[in-house]
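Place chains Y and S on chain F using the hints.
Protein chains in written order, with the working numbering: chain F, 1 to 318; chain Y, 1 to 327; chain S, 1 to 495.
Think of the hints as simulated: they come from the structure by calculation, not from any bench.
Treat each hint with caution, since some may be false.
To be verified - Partial list, computed: chain Y residues near chain F (C-beta under 10 Å): (1) LEU117; (2) SER134; (3) LEU246; (4) PRO249; (5) GLU251; (6) ILE263; (7) PRO294.
To be verified - Straight-line alpha carbon distances no greater than 25 Å define the calculated PhoX-like cross-link-like pairs of lysine-lysine that follow: (8) Y:LYS212 <-> S:LYS222; (9) S:LYS89 <-> Y:LYS122; (10) S:LYS158 <-> S:LYS222; (11) S:LYS185 <-> S:LYS222; (12) S:LYS336 <-> Y:LYS212; (13) Y:LYS186 <-> S:LYS356.
All residues carry an ideal CB built from backbone N, CA and C; glycine is no exception.
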Amino acid sequence: MNGETSRLGPLSSLRRLFQVREAPILIYIIIMIAVFSVTINGFFSMKNFEIISRQITTIGIVSIGMTLVILTSGFDLSVGAILSFAINIGGQGIVLGWPIWIVYPFMLILGVILGWINGFLITRLAVPALIITLGTMNIYRGITMVITKGVYITPIPSVYQVIGNGYIPFVFFAAVLGFFIYVTLTTRFGRNIFAIGGAEQSALYSGVPVRRYKMIVYIISGFLSALSGLILVGKSGFVQPQAGLGYELNAIAAVVIGGTSIFGGSGSVLGTFLGSVMLGIILAGLTMLAVNPYWQGLITGILIVLAITLDSIRYLRR
Amino acid sequence: MRTIRSVSSPRSGQLKIIFILLGVNILIMAVLTYLSPTFMTYGNISAVLTRMSELGMLAIAETVVLISGGFDISIGAVMALSGAVLGTLHVVGVPFSLAIAIALLAGVAVGFINAVLVVNLKLTPFIVTLATMSIVRSVVYALLKGHVLTELPEKFLNLYYVYVFKLPLLFVILVATAVIMAVLLKRTILGRRIYAMGGNERTAYISGVFVKRIRYLVYCLSGFICALAGLLFTVRIRAVIPDAGLNAPLEVITAVLIGGTTIYGGKGSILGSLLGIFAMYLLLNGFSLLGLNPFWEVIILGIILIFVIGQEGIVRSFRASLSRRRL
Amino acid sequence: MISIENVSKSFPGVRALDDVSFTIQDGEVHGLVGENGAGKSTLIKILSGIYPDYEGSISFNGSVKRFNSVHEAQQGGIATIFQELTVIKDLSVAENIFLGREPMRRFGMLDWGVMREKSEEVLRFLDTLLNPRETVGNLSVANQQIVEICKALVLNSKIIIMDEPTSSLTEHEVHQLFLTIRRLKERGITILYVSHKIEEIFEICDSITVFRDGKHIGTVEKSKTSHDEVISMMVGRSMNMMFPPRTAHRGGLLLSVRGLTRRGEFEGVSFDLHEGEIIGFAGLIGAGRTELARALFGATALDGGEIELYGEKIGYFSHPNRAISRGIAYLSEDRKGEGLMLELSIKENISLSILKKISPYFFVQGSRERELVQSFVSKFKIKMTSIDQIVESLSGGNQQKVIISKLLLTESRVFIFDEPTRGIDVGAKYEIYKIMNDLTAEGKGIIFISSELPEVLGISERIFCMREGRLVQEYSREEAEPEKVMKVLTGGNAA
Numbered sequence: 001m002n003g004e005t006s007r008l009g010p011l012s013s014l015r016r017l018f019q020v021r022e023a024p025i026l027i028y029i030i031i032m033i034a035v036f037s038v039t040i041n042g043f044f045s046m047k048n049f050e051i052i053s054r055q056i057t058t059i060g061i062v063s064i065g066m067t068l069v070i071l072t073s074g075f076d077l078s079v080g081a082i083l084s085f086a087i088n089i090g091g092q093g094i095v096l097g098w099p100i101w102i103v104y105p106f107m108l109i110l111g112v113i114l115g116w117i118n119g120f121l122i123t124r125l126a127v128p129a130l131i132i133t134l135g136t137m138n139i140y141r142g143i144t145m146v147i148t149k150g151v152y153i154t155p156i157p158s159v160y161q162v163i164g165n166g167y168i169p170f171v172f173f174a175a176v177l178g179f180f181i182y183v184t185l186t187t188r189f190g191r192n193i194f195a196i197g198g199a200e201q202s203a204l205y206s207g208v209p210v211r212r213y214k215m216i217v218y219i220i221s222g223f224l225s226a227l228s229g230l231i232l233v234g235k236s237g238f239v240q241p242q243a244g245l246g247y248e249l250n251a252i253a254a255v256v257i258g259g260t261s262i263f264g265g266s267g268s269v270l271g272t273f274l275g276s277v278m279l280g281i282i283l284a285g286l287t288m289l290a291v292n293p294y295w296q297g298l299i300t301g302i303l304i305v306l307a308i309t310l311d312s313i314r315y316l317r318r
Numbered sequence: 001m002r003t004i005r006s007v008s009s010p011r012s013g014q015l016k017i018i019f020i021l022l023g024v025n026i027l028i029m030a031v032l033t034y035l036s037p038t039f040m041t042y043g044n045i046s047a048v049l050t051r052m053s054e055l056g057m058l059a060i061a062e063t064v065v066l067i068s069g070g071f072d073i074s075i076g077a078v079m080a081l082s083g084a085v086l087g088t089l090h091v092v093g094v095p096f097s098l099a100i101a102i103a104l105l106a107g108v109a110v111g112f113i114n115a116v117l118v119v120n121l122k123l124t125p126f127i128v129t130l131a132t133m134s135i136v137r138s139v140v141y142a143l144l145k146g147h148v149l150t151e152l153p154e155k156f157l158n159l160y161y162v163y164v165f166k167l168p169l170l171f172v173i174l175v176a177t178a179v180i181m182a183v184l185l186k187r188t189i190l191g192r193r194i195y196a197m198g199g200n201e202r203t204a205y206i207s208g209v210f211v212k213r214i215r216y217l218v219y220c221l222s223g224f225i226c227a228l229a230g231l232l233f234t235v236r237i238r239a240v241i242p243d244a245g246l247n248a249p250l251e252v253i254t255a256v257l258i259g260g261t262t263i264y265g266g267k268g269s270i271l272g273s274l275l276g277i278f279a280m281y282l283l284l285n286g287f288s289l290l291g292l293n294p295f296w297e298v299i300i301l302g303i304i305l306i307f308v309i310g311q312e313g314i315v316r317s318f319r320a321s322l323s324r325r326r327l
Numbered sequence: 001m002i003s004i005e006n007v008s009k010s011f012p013g014v015r016a017l018d019d020v021s022f023t024i025q026d027g028e029v030h031g032l033v034g035e036n037g038a039g040k041s042t043l044i045k046i047l048s049g050i051y052p053d054y055e056g057s058i059s060f061n062g063s064v065k066r067f068n069s070v071h072e073a074q075q076g077g078i079a080t081i082f083q084e085l086t087v088i089k090d091l092s093v094a095e096n097i098f099l100g101r102e103p104m105r106r107f108g109m110l111d112w113g114v115m116r117e118k119s120e121e122v123l124r125f126l127d128t129l130l131n132p133r134e135t136v137g138n139l140s141v142a143n144q145q146i147v148e149i150c151k152a153l154v155l156n157s158k159i160i161i162m163d164e165p166t167s168s169l170t171e172h173e174v175h176q177l178f179l180t181i182r183r184l185k186e187r188g189i190t191i192l193y194v195s196h197k198i199e200e201i202f203e204i205c206d207s208i209t210v211f212r213d214g215k216h217i218g219t220v221e222k223s224k225t226s227h228d229e230v231i232s233m234m235v236g237r238s239m240n241m242m243f244p245p246r247t248a249h250r251g252g253l254l255l256s257v258r259g260l261t262r263r264g265e266f267e268g269v270s271f272d273l274h275e276g277e278i279i280g281f282a283g284l285i286g287a288g289r290t291e292l293a294r295a296l297f298g299a300t301a302l303d304g305g306e307i308e309l310y311g312e313k314i315g316y317f318s319h320p321n322r323a324i325s326r327g328i329a330y331l332s333e334d335r336k337g338e339g340l341m342l343e344l345s346i347k348e349n350i351s352l353s354i355l356k357k358i359s360p361y362f363f364v365q366g367s368r369e370r371e372l373v374q375s376f377v378s379k380f381k382i383k384m385t386s387i388d389q390i391v392e393s394l395s396g397g398n399q400q401k402v403i404i405s406k407l408l409l410t411e412s413r414v415f416i417f418d419e420p421t422r423g424i425d426v427g428a429k430y431e432i433y434k435i436m437n438d439l440t441a442e443g444k445g446i447i448f449i450s451s452e453l454p455e456v457l458g459i460s461e462r463i464f465c466m467r468e469g470r471l472v473q474e475y476s477r478e479e480a481e482p483e484k485v486m487k488v489l490t491g492g493n494a495a
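If we strip away everything but chain F, and leave its shape as in the complex, we get (with noise of 0.2 Å):
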């Protein structure tokens, strides 16, 4: 009865980081860390954790909007196809020379608006999220491939790799993974999140505007998709249509296996943070095993259903 989790206040949130669900997968990641470690030469180094933060950085920061949307129960394919559309049709701007001070919040507006159509089109039709970003998904990326023919972007001012060096996009993710758990554990939109996947028809019937707070989700969801297409530009010098392809698949995969349950209502940001930093260095240490990269779908796979059948136990004894 007086037991478990306290869950209460700025000081009590500290003590939920080490609530019983993401304990394990922190181990996890210790235990490969050191596997790792031992097995590979180089890789405990500050060097290779730089290359290892750069590369969850992007898909981590779209996990984070993912996470947010599975957890009231709903799903976003369209991510990926987001993030492209973002910095493509708004990299147009680059080619009309427009300054990166523009360039930028466009990009991020154009998240926001085809997030915006998401939610839009998730809460009045009453059709599964699934089916309708499976939609978006490709309408966004048509879209962007007809207007850009193909053409990749590049060359671009060095000014927009600012972002992408070092430590940057690190800093990106941390400030928004911290700006996420704060919203999920002490604002009350965060919390009904949990109530709208847990149990939506109480959640209504209580009063929380159910309707509203899902748009919000998945504009969220399509302003982070965004952001993380600047950094994936700053990384990588140039703008590309086929950007994005697969990070719907590695999205969710880092968000369930990051302990959040696909049912909704139950889960974390942090969690999901944790997921995204598992499943880098095992794909990050595997690389250097010198395994072959195409066997990345394979462990992402094998992650998501053992992730899971751990959640379907988890909830059917319920």
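What follows is chains Y and S alone, placed relative to chain F:
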């Protein structure tokens, strides 16, 4: 738009869709004939029919899975897998007929894995097949090491030029599969049970249907058909490519849903799905003949998908039978 | 004071509430009793704002109000604690209590301090030891209920409706709940306590209203009435229910079970079923009858007991298919969820269980199928436009006939009917009784589960009373009297 569901009879609702699709197809063909002189030629139509063979097969597989109340997004990946397995085995010297058999078995194996995860572990089909899609795709890349494989026996590749009653062999295989599956669904006991499971799994169970067993069968069958589709694809493009079927899920699912099969199960027809695929390919063909950007196809498909399902969804929401756990 | 005046509500095929009028006094604990289908839950939903359209009016202290949404009802001071609790399992106690109206600071931040304080205040008032920070999913059902009560308090509810609150509670927890209710009463809160457990009603309520078949039968003060009187009001002298004359003769032993047990659901159940016989199972919700039926039929697993079918000892059925193939048919109480495939046709629904019978090898013989289906449609006079019509569009009674047709086609010898007449109009009910009668005349045996006492007593040869998973009493038709039986079902005789 049109009503998908007619309350007085499921048959008339289905029939309506089929007629509408038929009409749409004829309309498109008429427009294209008018706009382009090369459209209504034997060569062009042949090419269209051949090209839609493999996606048509995938649509057949997905139709059966959806009717049974399941969901399979790994269809494109399995299609790529069979080609990759075939090509790889051939390169290392395995006798070709054996290689074909193994390639088909690989598809069944994936279907089996899907079934185990969905039936025994009771995981949601969407995520499961998403995961297996990723796994299979990576196996494909690993097998082919990212390359395109063109070394294949001439006798096999020349099947492309075989004609049966003036129709391309590949298309005939599609039709044969379609007919077999359609007969299975509409005329056999097994087919009835598949519809029943999709209509209401609990009712089917209580009425004595071995739901679990049939689900296994359906997923394995789907895997087999997708693998077969992969073989057709290989013959058509005379190569094995790792990216085969990447766009398949969207195209196939859209076509199948337009064709009257529902996401929730219990309703659908092979004919409808094929007409949907045909319409899509006519559009694509039209685009290329008229020099339009083919990427418009994806956009239009996405819009159609949302609208068709949206309409169905509104009908559904009145019945308040939405189960979010399903997918 | 709540005045309910001439309230009526109908659903397709059923008149759930029929011109109901009574008064609930301020600050009292008012009990509402009645059997399943008496109309209790419909009234609750009307009061809670879930059904805004109804005939009649409801006034609070003189002013008529109509709540168009749950939200409005809550604003109006009504809070309902349903049987299926609506707490959010992943949030804490405090967060649940304040769901939807959390106190906030700047930037949308929740004011934890205020939440914790107010929660503790309320929890202290109810004299519980719950920690506001506890995750609700970890709490027992009883404590989750407390959380819901707290929520109602924080809403400044003047009226709290409790719907079958003790169905998942232990005896001790029930006692605690009653203490809580008394405390609420001290605060001047009016409580509408809806239950079918007479014992509890008499312990905690000040006055009692009885519903039966959607009608208001009477409202009495507890001190002025007795168990028996309430029971007789619940059950009614309404044996003006028509039953077809029973013509069947009891034949040989069909089914004999001993000590059937399924952990957590029922224990040690033993009975016999003969040819030509209808045995009725009476009981309240949660008594375990449906669970018994399903386990017997093979839909769920049995943990213990023996089954003898047609004179032969058999093992448990591992799947409904096995039971069907051995001549047992089951009509589920969940018509829509488990009896029909709503989007499929009448024909497809009816023929589902006998597909093998009408087809050589793999192919369904369309003509034979249509023939058989048509014969049953005519026999039972199912109102439809064609057998290809979707069953969803049929009325409740006709839908039930479709399911029964499906069962009858299996030519089983043992039939288990679970609530076959629930939600069906009187005319159709009679037809179903006739069908049951005809079946027994052919030498079949029927296990009849129903929560409507008159019908169980009216049509069964023998009546078995189940309570909390046990078969507590057996009556022959002559011995069984409504009040006697109800007393047994509600725990009157045994502890």
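Now for the hints, and whether the structure bears them out:
| no. | hint | in the structure |
| --- | --- | --- |
| 1 | LEU117 | 6 Å, holds |
| 2 | SER134 | 4 Å, holds |
| 3 | LEU246 | 9 Å, holds |
| 4 | PRO249 | 8 Å, holds |
| 5 | GLU251 | 9 Å, holds |
| 6 | ILE263 | 7 Å, holds |
| 7 | PRO294 | 9 Å, holds |
| 8 | Y:LYS212 <-> S:LYS222 | 54 Å, violated |
| 9 | S:LYS89 <-> Y:LYS122 | 22 Å, holds |
| 10 | S:LYS158 <-> S:LYS222 | 22 Å, holds |
| 11 | S:LYS185 <-> S:LYS222 | 16 Å, holds |
| 12 | S:LYS336 <-> Y:LYS212 | 21 Å, holds |
| 13 | Y:LYS186 <-> S:LYS356 | 15 Å, holds |
When each numbered hint is compared with the structure, a violation occurs for hint 8 only.
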